[in-house]
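Using the hints, position chain B against chain A.
Chains A and B, in that order, give the protein sequences. Quick note on my numbering: the first sequence kicks off at 6 and runs consecutively. Quick note on my numbering: the second sequence kicks off at 8 and runs consecutively.
Just so you know, these hints were derived from the structure itself, not from any lab. None of these values were measured; they are calculated from a predicted model. Some hints here could point you the wrong way.
[Unchecked claim] Derived coverage of chain B by chain A (criterion: at least 3 residues anywhere in the stretch with Cβ under 8 angstroms from a Cβ of chain A; other residues may be distant): (1) 55-68; (2) 105-112.
[Unchecked claim] Distance condition first, Cα-Cα at most 25 angstroms in a straight line; then the derived PhoX-like pairs of lysine-lysine: (3) A/Lys-102 with A/Lys-59; (4) A/Lys-102 with B/Lys-21; (5) A/Lys-102 with B/Lys-78; (6) B/Lys-18 with B/Lys-64; (7) A/Lys-59 with B/Lys-78; (8) A/Lys-59 with A/Lys-112; (9) B/Lys-78 with B/Lys-21; (10) B/Lys-78 with B/Lys-64; (11) B/Lys-78 with B/Lys-103; (12) A/Lys-102 with B/Lys-64.
Ideal placement from N, C-alpha and C gives every residue a C-beta, glycine not left out.
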Amino acid sequence: GIQVEQSPPDLILQEGANSTLRCNFSDSVNNLQWFHQNPWGQLINLFYIPSGTKQNGRLSATTVATERYSLLYISSSQTTDSGVYFCAVALGSGTYKYIFGTGTRLKVLA
Amino acid sequence: DTGVSQNPRHKITKRGQNVTFRCDPISEHNRLYWYRQTLGQGPEFLTYFQNEAQLEKSRLLSDRFSAERPKGSFSTLEIQRTEQGDSAMYLCASSKLEEQYFGPGTRLTVT
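Excised from the complex, chain A in its bound form:
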């Protein structure tokens, strides 16, 4: 089955720093989402981005589907950015189940 790997697995930042999170996947996908799981376990949608680049405030994401990777950029990090970041991919073509990556655990220090 499709493999989804995220790096780095853990990241500690000082408030105000920038970071890049990476998601590699082993097969062509038609759907890709980035989520932030907060300390209470809620998965929050960040981006639906099967290809191209999107920006939302301090966050932006780029997916290069032909090279099977996606990047999530966090600029001017804040303590509220702490949590686990997941990318999830789906093959599409009649299957809608998402395969989640291993996650990046981010801690932002004040």
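Structure of chain B alone, referenced to chain A:
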């Protein structure tokens, strides 16, 4: 739009008991998904409905697990004869197209 809701939020049960969880999707979302998440792992897909039809099931969904979505609205996930290995967060998501929106989850503890 009130988001996806799940009840109960927490459930503690003794091994061997049956439990049932409920998920109410975002209105007008015809697709509904169940996932399970254990500590330190990403969510794992369990099953998917389009309207009332259950179209895909994971091999993780053993015979003790059953899910329904009568009338294509809310969904229930039942676990019979719970085992300690069933302890996990059970997450529900819904979508109109490909972008999935998740509920807060039901945390199950089997003692």
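The hints, checked one at a time:
1. 55-68: holds (count 3)
2. 105-112: holds (count 7)
3. A/Lys-102 with A/Lys-59: Satisfied, since the Cα-Cα distance of roughly 23 angstroms is no more than 25 angstroms.
4. A/Lys-102 with B/Lys-21: violated, 31 angstroms
5. A/Lys-102 with B/Lys-78: holds, 21 angstroms
6. B/Lys-18 with B/Lys-64: Within the cut-off at roughly 24 angstroms; holds.
7. A/Lys-59 with B/Lys-78: violated, 37 angstroms
8. A/Lys-59 with A/Lys-112: Given that 25 angstroms is the threshold and the Cα spacing comes to 24 angstroms, the pair holds.
9. B/Lys-78 with B/Lys-21: Violated: B/Lys-78 and B/Lys-21 sit about 31 angstroms apart, past 25 angstroms.
10. B/Lys-78 with B/Lys-64: holds, 19 angstroms
11. B/Lys-78 with B/Lys-103: Distance of about 16 angstroms is within 25 angstroms: holds.
12. A/Lys-102 with B/Lys-64: It holds: about 9 angstroms lies between the C-alpha atoms, which stays within 25 angstroms.
Comparing the model with each earlier hint shows violations of hints 4, 7, 9; every other hint is respected.
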